[in-house]
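**Q** The task is simple: from the sequences and hints, build the whole structure.
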Amino acid sequence: MKYALDFSWLWGSLGALALGAAVTLLLIACTTVFGLTISIVGAAARRGRYRWLRRLVGAYVEIIRNTPFLVQLFFIFFGLPSIGVRLDPMVAAILAMTLNMAAYTIEVVGAGLDAVPRGQREAATALGMRPRLAFLKVVLPQALAIIYPALTSQIIIMMLESAVVSQISVRELAQEADLLQARTFRSFETYLVVTFIYLALSAAVRRGMILFGRRVLGAAVQ
Amino acid sequence: MIEFTFWDILRNLLFATRWTVLLSAAAFAGGAAVGVAILFARISKAPWARRFGVGYIALFQGTPLLMQLFLMFFGLPMLGLRIEPWTAAVCGLTFYASAYLAEIWRAGVEALPRGQSEAASSLGLHRLQELRLVILPQAFRITRAPVVGFLVQLIKSTALASILGFEELLKTANAINNATFEPFTVYGLVAIIFFILCYPLTQYARMLEGRAAFR
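If you read the sequences in order, they're chains A and B. Note that the numbering used here numbers the first sequence so that position 216 is 216, with each residue one more than the last. Note that the numbering used here numbers the second sequence so that position 204 is 426, with each residue one more than the last.
Hints listed in this document are in silico derivations from the structure and should not be mistaken for laboratory results. All values derive from a computational prediction rather than experimental measurement. For glycine and all other residues, C-beta sits at the position ideal for the given N, C-alpha and C. Don't take each hint at face value.
[Said to hold, decoys possible] With a cut-off of at most 25 Å between alpha-carbon atoms, the simulated SDA-like pairs for lysine to any residue come out as follows:
| no. | chain 1 | residue 1 | chain 2 | residue 2 |
| --- | --- | --- | --- | --- |
| 1 | B | Lys-393 | A | Arg-215 |
| 2 | B | Lys-393 | A | Lys-137 |
| 3 | B | Lys-393 | A | Pro-89 |
| 4 | B | Lys-393 | A | Glu-62 |
| 5 | B | Lys-393 | A | Pro-81 |
| 6 | B | Lys-267 | A | Pro-81 |
| 7 | A | Lys-137 | A | Arg-215 |
| 8 | B | Lys-393 | A | Gln-181 |
| 9 | B | Lys-393 | A | Val-91 |
| 10 | B | Lys-393 | A | Met-90 |
| 11 | B | Lys-393 | A | Ile-63 |
[Stated by the list, open to error] So the derived label-pair ranges between C-beta atoms look like this:
| no. | chain 1 | residue 1 | chain 2 | residue 2 | range |
| --- | --- | --- | --- | --- | --- |
| 12 | A | Asp-114 | B | Leu-350 | 41 to 47 Å |
| 13 | A | Gln-120 | B | Val-276 | 24 to 30 Å |
| 14 | B | Gly-302 | A | Arg-55 | 44 to 50 Å |
| 15 | B | Gln-351 | A | Val-91 | 39 to 45 Å |
| 16 | B | Pro-269 | A | Val-91 | 45 to 51 Å |
**A** Right under this line is the structure:
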């Protein structure tokens, strides 16, 4: 028997898919903000003066980088309640994604900070800026502009990886696909459509990041 | 009811680890074979082949691995193939790996000086000989560090095969967790096992990277 593709279910499901895509974008937006904050602090700590803190950040990076995201997610969502930390699926997903992404972006941000010439900080201090202000206003924006393309790639990789948070029943795009195919029995078509939605989302996020970067960090961003 | 001791849990997980290792090895071997084919397309002289290579890589790098696995799992039966989770996982991970490996090797090919390929053709080698004897050996050698780095990513990605129902490490852990209700121990151990698999490779990649920078 020849199998015929059937997309007739699609029109009735566009709303659910759009909602799922919106949740996926929300997840990655939260992850980006929290993850970037952690990685700026982490990268600074890794270059800081306390040895134990440098060690701690190093260990965190190695542990996260050498274990699968899905295992981290299950550990946080199923494992932590047994020591009394019970999290909502959405919160667990954002926490797992943030911790995962930060382990990668700590190195990226660190490389950016190293790439800013020392003279920039010295000039800022010579102008009478306090060290913290010099870091926030002079060094950090330049570092971010340098690493912007790498950061964008990392955000897109994380967004694609976030499809597995459907496994702890967060209603994002992949979970909507699971629910739809269970209802329509059109598994292949459903996942095909959703795969292309993810493809469109990653193209859109890349484009959006470039526009945002140009506005905030100036023309240096490509 | 059967009581699970800590050692029972650990033993079962270690037994399941061989499937994770086997799946990683199969996907890496398959990915390398398909990856070379994609690399040929990507660096071909024919524009349509290059466009195919670019599109293939963009497709697999721009969509979630989980969706790729689902498409294999539900798509292959439509072609009349009987499919088990193992087959779907190996096929899905193979295509996924091939896109990344082709892209890594392409970077290696492009990093070689133009003179290499010009010298090869001036010696009268035709394109295939040129690639096989001159270009690829060098490209493979300078990309060893990122390839090992990708192998780590691939090993971690095999955890997704548990969602298709393949009995590797994580799927076994889910089953044990359902029997013992000790998620903290079970998933903690799974994380440790994955760490033991991946960390030496990460260090090896770092060593290769250091050596490349030194040269």
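**Q** For each hint, tell me whether it holds in the structure or not.
**A** For each hint, the structure was consulted:
no. : hint                                : result
1   : B:Lys-393 <-> A:Arg-215             : violated (46 Å)
2   : B:Lys-393 <-> A:Lys-137             : violated (48 Å)
3   : B:Lys-393 <-> A:Pro-89              : holds (20 Å)
4   : B:Lys-393 <-> A:Glu-62              : holds (24 Å)
5   : B:Lys-393 <-> A:Pro-81              : holds (20 Å)
6   : B:Lys-267 <-> A:Pro-81              : violated (57 Å)
7   : A:Lys-137 <-> A:Arg-215             : holds (16 Å)
8   : B:Lys-393 <-> A:Gln-181             : holds (22 Å)
9   : B:Lys-393 <-> A:Val-91              : holds (24 Å)
10  : B:Lys-393 <-> A:Met-90              : holds (23 Å)
11  : B:Lys-393 <-> A:Ile-63              : holds (21 Å)
12  : A:Asp-114 <-> B:Leu-350: 41 to 47 Å : holds (43 Å)
13  : A:Gln-120 <-> B:Val-276: 24 to 30 Å : violated (38 Å)
14  : B:Gly-302 <-> A:Arg-55: 44 to 50 Å  : violated (56 Å)
15  : B:Gln-351 <-> A:Val-91: 39 to 45 Å  : violated (59 Å)
16  : B:Pro-269 <-> A:Val-91: 45 to 51 Å  : holds (49 Å)
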